[in-house]
Amino acid sequence: LKVSSTFAPPRVLEKAVRGGSLELRPPGRGPPLAPVQSAPAAPTEGGEAQPQCLKPGDGLFFLEIKTSAEGDKFLYSSEGAQVLELCDEIIDTGLLSISVVPQVESSIVPQLFKTMVHKKTLPCPDANNTWIKSRRKELQKALQQAIPCLAEYLQRFGEHEPLLKMKPEEFVAAKVEAEIGLEEAKQCIQEHMAKEKAVLAAIPDSQIVGLFEVNCLEIKKTLAGKHRKTIELLLDMLVAKFRDNCQGICDSFTGMNGAMRKLPKDIEGITELRDYMATLPNEVTKLAPEIKRCLDTFHTLEDFGIR
6 LKVSSTFAPP RVLEKAVRGG SLELRPPGRG PPLAPVQSAP AAPTEGGEAQ
56 PQCLKPGDGL FFLEIKTSAE GDKFLYSSEG AQVLELCDEI IDTGLLSISV
106 VPQVESSIVP QLFKTMVHKK TLPCPDANNT WIKSRRKELQ KALQQAIPCL
156 AEYLQRFGEH EPLLKMKPEE FVAAKVEAEI GLEEAKQCIQ EHMAKEKAVL
206 AAIPDSQIVG LFEVNCLEIK KTLAGKHRKT IELLLDMLVA KFRDNCQGIC
256 DSFTGMNGAM RKLPKDIEGI TELRDYMATL PNEVTKLAPE IKRCLDTFHT
306 LEDFGIR
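Mind the numbering: the sequence shown is residues 6 to 312 in this note's numbering, read in order.
In short, the hints are calculated from the structure, not lab data. Check before you lean on any hint, since a few could be wrong.
In the DMTMM-like style, the derived pairs of lysine to aspartate or glutamate whose C-alpha atoms are separated by at most 20 angstroms in a straight line are [as the list claims (entries may be wrong)]:
#, residue 1, residue 2
1, K142, D77
2, K191, D301
3, K170, D77
4, K200, E223
5, K226, E75
Can you build the whole structure from these sequences, using the hints too?
Here is the structure:
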């Protein structure tokens, strides 16, 4: 869990406060925090335009959507509830830092403080201070209101779980076993191309969810990559079929050519050659459908950019 790198405007040069893996913008800098937003629109095709207040780069905390170890579910890179503990750590770290600020007098006129054994520091509130406890409680309340939005937004990716679980290799292997024809393979490729475009258009690169900026770029690439891998495997299947069919046709014509080039030794050989030549038109006619399939496959591959 970390803060978006674009949260602080570029013109601010102060160093950000860090605590653990959380980074907070220096206080009093940049625009005030927007109120907690409800979960944005579902990442589906033809989604609505984002409001101006929900543009990428305005989130306080940064999360990323990833897949589970089994690769069948969506989850966040960190639990949203961790932000409560991290903010507590930041407050405690800040209180500890200001509690050791020395008095300026001892630095200006050290002669007056030679007899002092202990270093004098500026008075500051501690964690039990009423004002500190009140502000901590308000911060935790605001963060707790933002956390449910994360779960709601993650549920919107449920429609993509079948795609996440799909294995392109097994899908194409089933098509090969079924011995699908050229038209079915072409239609399947076109469908996956359309679905790939739909996924890329439906899922944003980054989405503001309450106080969180959720990075969806990698998961979008993963889901779109499933369709792209399926397309590539289907095209490889067509290329392999095309080569095998072409090789079979070439072997048939090579056999015909070899038989006709064979020199007859006697009258019987000449008769056999003449009878064989009479059968060639029928043999070539039998190859016509296979030749047409090869030509159709060639044009289809050429349409998909395969040379």
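Comparing the hints with the structure gives:
{"no.": "1", "hint": "K142 x D77", "result": "violated, 38 angstroms"}
{"no.": "2", "hint": "K191 x D301", "result": "holds, 11 angstroms"}
{"no.": "3", "hint": "K170 x D77", "result": "holds, 5 angstroms"}
{"no.": "4", "hint": "K200 x E223", "result": "holds, 17 angstroms"}
{"no.": "5", "hint": "K226 x E75", "result": "holds, 18 angstroms"}
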